[in-house]
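K.L.:
Quick mapping for you: the protein sequence lines, in order, are chains A and B.
Note that the first sequence ends on residue 158 in the working numbering; no numbers are left out.
Note that the second sequence ends on residue 1518 in the working numbering; no numbers are left out.
Just so you know, not all the hints are guaranteed correct.
Covered stretches of chain A, as calculated for chain B (at least 3 residues, CB under 8 Å) [to be verified]:
(1) 8-19
(2) 101-113
(3) 116-124
(4) 141-148
The calculated label-pair distances, taken between Cβ atoms and stated as ranges, are [what the hints assert, rightly or not]:
(5) A:T2 to B:S1073: 42 to 52 Å
(6) B:E1020 to A:A18: 19 to 29 Å
(7) A:R116 to B:A1146: 41 to 51 Å
(8) B:F1299 to A:S51: 15 to 25 Å
(9) B:R1447 to A:R71: 47 to 57 Å
(10) A:A113 to B:E1401: 31 to 41 Å
(11) B:I1038 to A:A113: 37 to 47 Å
I should point out that these hints are in silico values taken from the structure, not numbers from a laboratory.
Each residue gets a CB set at the ideal place from its N, CA and C atoms; glycine is no exception.
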Amino acid sequence: MTPVYEPWNADRGAEIIAQHARLEGATLVILHALQEAFGYVPEPAIPMIASALNLSRAEVHGVFTFYHDFRREPAGRHVLKLCRAEACQAAGGDALAARAAAKLGIAIGNTTADDRVTLEPIYCLGLCATAPSAMLDGRVVGRLDEARIDALVAEAQR
Amino acid sequence: MTLRIFVSRDAGAVAVGADEVALVLGLAAGQRGIEIEIIRTGSRGLYWLEPMIEVATSQGRIAYGPVTEFNASSVLDAIISDGPHPLRLGVTDEIPWLKRQTRLTFARCGVIDPRSLEDYRAHDGYKGLERALTLTSDAILADVTASGLRGRGGAGFPTGIKWKTVAQTSADRKYIVCNADEGDSGTFADRMIMEGDPLVVIEGMTIAAITVGATKGYIYIRSEYPHAVEAMNAAIAAAKRAGYLGARVGGSPHSFDLEVRVGAGAYVCGEETSLLESLEGRRGIVRAKPPLPAHKGLFGKPTVINNVLSFAAIPFILAGGAKAYADFGMGRSRGTMPIQLAGNVKRGGLFEVAFGITLGELVDDVGGGTFTGRPVRAVQVGGPLGAYFPRALFDTPFDYEAFAARDGLIGHGGIVVFDDSVDMSKQARFAMEFCAIESCGKCTPCRIGSTRGVETIDKIRAGDRVPENIAVIEDLCNTMKFGSLCALGGFTPYPVMSALKHFREDFGAAPPRLQAAE
């Protein structure tokens, strides 16, 4: 299922920030909520968070850039995450990751030119006994082989 | 009579088609005019048999697996006619792989409906809290200490001592924090218990709260585990509705509230002080200790921070099982350990067993060797920061001290199996690379050392001044081990040095595959 995001809107952003601003240690909660709504964390949201939480803009920027999850721009329509950690390596994950990258014509960590697919590494989905594993837009898939990874890539390209 | 069929909703089962199997079973039953109730449980942990389905019969539950959406209706026919089927595994509790285990923490996982508080209570749930509410704080601490429970996150610190420190520290506010940032590859026990028996984690945290006098708790779950987040949130809501969380816990004067917080893809946040920083809404930068979190933890307040499995072990211990728990195990490693078999292994899954079982028994006997059928060459125990063990060390018993004596660690209990096609210099390089990607950047040995490590291993792999560069790696590992602030930089030398020590032949020449291609 293709995730649907709202276009950035400062009023809507302010509303989301206000919803969570009173929580203890709210910064990550707000960043997650913004990304869930807009698909990424738009740059103008950073000073808005800072002012709502009485932090400096640099502090919020520092948090935003520390964590791998937060995006500064929208991802492709589909996000395919391939587990690259040891258990999946042991089960042949490296070759499958290379195969997916070749099929999409991009290196891992990039988005196809038509903005359809973002291919990302993930360090462990906790599906280590059904390795190699992947996640397509939040749906988990295990026991990958060449046929299954090809099917996943084709699904992501649709 | 309504057929009661159990299908796992565990992410590991869903990833191999459990949802589709449940769907087909429902449709096929409708076509056959059979009344059926499908109960979505957690996983029993026999992942090579997932999706495994079970049917309630007069002899107990009977299992079938691995079921697919294509053969689910034939399995249903066999269930209805009580006839034979190639996927029939017999009575679940009699499956040798399960029967050999000692399931204390995972007793309910895969058995009950994780969304149902009634089901939890019907299977001895909340007995630990009910007894704890009749005891003094000191008496609870005595039970936890007597059980010999040590932190299951990896460090193995005695849980009783940690709790006692927080109980004795006075403050206007105290916190309970559950570390569910299970980032180690090859480990999935936290995910499984949160998805399959989330209330046991909540009960364990609640007992901790009444013991030390905390009123607020957080479960910090990694974002890679969306199913666990959903399951924990549902369980917290159920516990609140039933009065087990909130202003008067179980009708007592204690108040305790619980909230899930989601991580954002930083491995280092599994380190406890980094996790606390992250919970406070900051970069996950490691704190220097002291002060210990037990004195100054979350928001500077005394905090009990334990791993999911430590909290999940508590209800059994408090339900009168302290001595029974301590009777299992060996040396200073008491009780049971939920061990996770993963990677290239024939029978992968969760195997909870008393400490003392050897690595060889686990890999060859329980795991059945590799699924590729090739010989086992190496196993990594304890995640990305754990050592690689060769077959020569397979007599090592699963025990904190025995692993430490062989320059390894049991960590969170994950075992990743590799066959003989593995290139160990590549694995050593990955350990350094992973450390470089995930370093929080606070201390130099970890931040710079890991990047220099990758470069130096690349030189070794290219055959450039091999003995000199190996000496550099050894020196670098020594600096990282003793000079890093936390386990990320401090333990990355374990996989690197063990690969170098036990698999020296993989370091120094061009990789074998490359040579063959020339």
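K.L.:
Broken hints, numbered, in rising order?
P.N.:
Going through the list in order, the structure violates hints 1, 2, 5, 6, 7, 9 and 10 and respects the others.
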